[in-house]
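Modelling step: build the complete structure from the supplied sequences, incorporating the hints.
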Amino acid sequence: MESLQFTQGIVNAILLSGTLTLVAIGFSIVWGILNIINLAHGAFLMVGAYITYWLFTLYGVDPFLSLPISMAIMFLVGYAVQRYLINLVIRAPLLVTFLLTFAMEIVIINLATFFWKGDLRSVTPDYAGLGFTLGNVQIPYVRLAAFIISLILTGLLHVFMTYTKTGNAIRATGMDIDAARLQGVRIPQTYALTYALGTALAAGAGTLISISFPIDPTMGGAYTLRAFVICVLGGLGSIPGVMLGALLFSFIEVFSGIWFPSLKDAIALLVLVLVLIVRPSGIAGKAFYH
Amino acid sequence: MSDKEKKKAPIRYSPLDGLFKGRQGVLLGLFALFALFLAIFPLLPFASGFWLNTLTLILLLAAMAIGWNFIGGYTGYAAFGNVAFFGIGAYGTGLSMIRLGLGFFPSLMIGAVAAMVFAILIGLPILRLKGHYFAIATVAIATAMGEIADSWTSFTGGAAGITLPFFSPIEWSGQFFYYMAFLLAMGGLLLTWFILNRKMGYSWVAIREDEDAANMMGINTTWAKVMAFALSALMAGLAGGIYAYWKTFVLAEEVFKIEYTLQMILAAVLGGTGTIFGPFIGAFIYYILITLLVFFLPVGQLHATILGVIIILVMVFTPKGLMDFLSGKKKLSVNALLENIRTYRV
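Protein sequences appear in the order of chains G and C.
Positions -13 to 276 (my numbering) are the ones given, in order, by the first sequence.
Positions 20 to 365 (my numbering) are the ones given, in order, by the second sequence.
Listed next, the stretches of chain G that the computed footprint assigns to chain C, with coverage defined by at least 3 CB atoms under 8 Å from CB atoms of chain C:
| no. | segment |
| --- | --- |
| 1 | 68 to 81 |
| 2 | 97 to 104 |
| 3 | 173 to 180 |
| 4 | 252 to 260 |
Hints in this document: simulated from the structure, not taken from any laboratory.
C-beta atoms are modelled at their ideal positions from N, C-alpha and C, and glycine is treated no differently.
Structure follows, in structure tokens:
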């Protein structure tokens, strides 16, 4: 029984790491390129989850098909937010952007609670409960699919950042804003695009999360904190680092959930503080997007 | 800068120089009048329970904002978890009263000292972190503390909370807590003024401006930062203890609410971080704004949205606070409000 729980825990952790990679990668780009901690990240994730929920409940759209829709909507929202709000104060001291995104999170969550009420909701397509067993280990289809989609999106992001002109412009802006400007990169638009990518990825993660877990308006805060821990664990600014961080964090979360259920979040947070103190540059070191 | 301008600039040795002259002197006089008004307020005929209650809340918030100003304003470390000290102060006071059977004042001291010791213990490692990392580490610690207090049922009473005895004689309860909050806020102002005239105050500002340079100049930056953190914990811890006895109830969800951190930061930022009176005035401005907005937009559940929108507007237009306008350094105009955007946009 013990060993079954253990193997099931390992599989759960690996499946979880896919989604968490997606959650953290958008956060990581925004942090790495714009140098802001986007505390509204989890709120955008929550809105993405609700878009999927409403499309499914009102129009019967399959949750996996709503992925591009929620990502596209939140891409536009993110672009506008960065272009017309955050860009206004982006070079101000850290406290300003920190409080600004914090306030955005409060507003989004409060409005969501006001309009959609605070109760837990779930997206339940016909195949929600189905899965297969491998040996003794259960693997639900939706979580496997979420894992695979997360990896595909992460791969696409890598390709975009490495092989397209726009992606290179984003990376250049993160490396040296003045040099990028001299090369003809339009900084405000590039910043907005980066933020939009971050929110779109958050919304995508929200969609995938809404299929496996119940959602409510306050779900986002925990994911923002997780994203931060993962970025710290993996080191800021590299996609493999984020994946490694997400994998590590998933193991910590799943197994502390098995062994100390009531202190799950506290343990994750204490791990964060410990890592920050012992090795502030993260496990994978500080590289830039490549 | 030309030679002429250099000669003109007055050399300021202490924050008090020039404080009694010109407009600043008038402002100080006005503040003294306001403090006097607050001191005799409960004796006035129209001082009903509602006003006493509201002013007590404002003064407690002012005290915490003054405390936050030490670490966030003067030292420049964006501490986002000061509610942890509020919570520890509340639990320390409450548990001492219930479990040890001590009176209120010894219990309050225990709660405040517990908050300070905790601040020193976590401050030593996490004050080595910079910028975002420090900010999130403080959020993480505050959240973890709340969760621990909530689940450690045998010690803290868990989700049932702990109930404290009522203040007696009960008919003086409102006045008692009002004066506790008033003394705490005034004590905080005095403490700020006292420290600013000492080496410690200069060390804080030096760390904010350039920590490496401060280190090079022989300032013990670790000691100065930990002191700033511990003193901000002292203010929040005392406020927490007073709040606990006032409400006669301590619950983890209530005393570790992240909104409290946000309120104290917002009060400090609204008034002006790194100024003596800024956080105090900011606490009043904050409450007036919130009350007016709730009054004119009677949608109770959108309270948090209003708070958020205020924060966004403050961050975009006046992140340096209103002190510059109040003290006459700057004139309030559209231009002055847009200056921040002109400086910091891309």
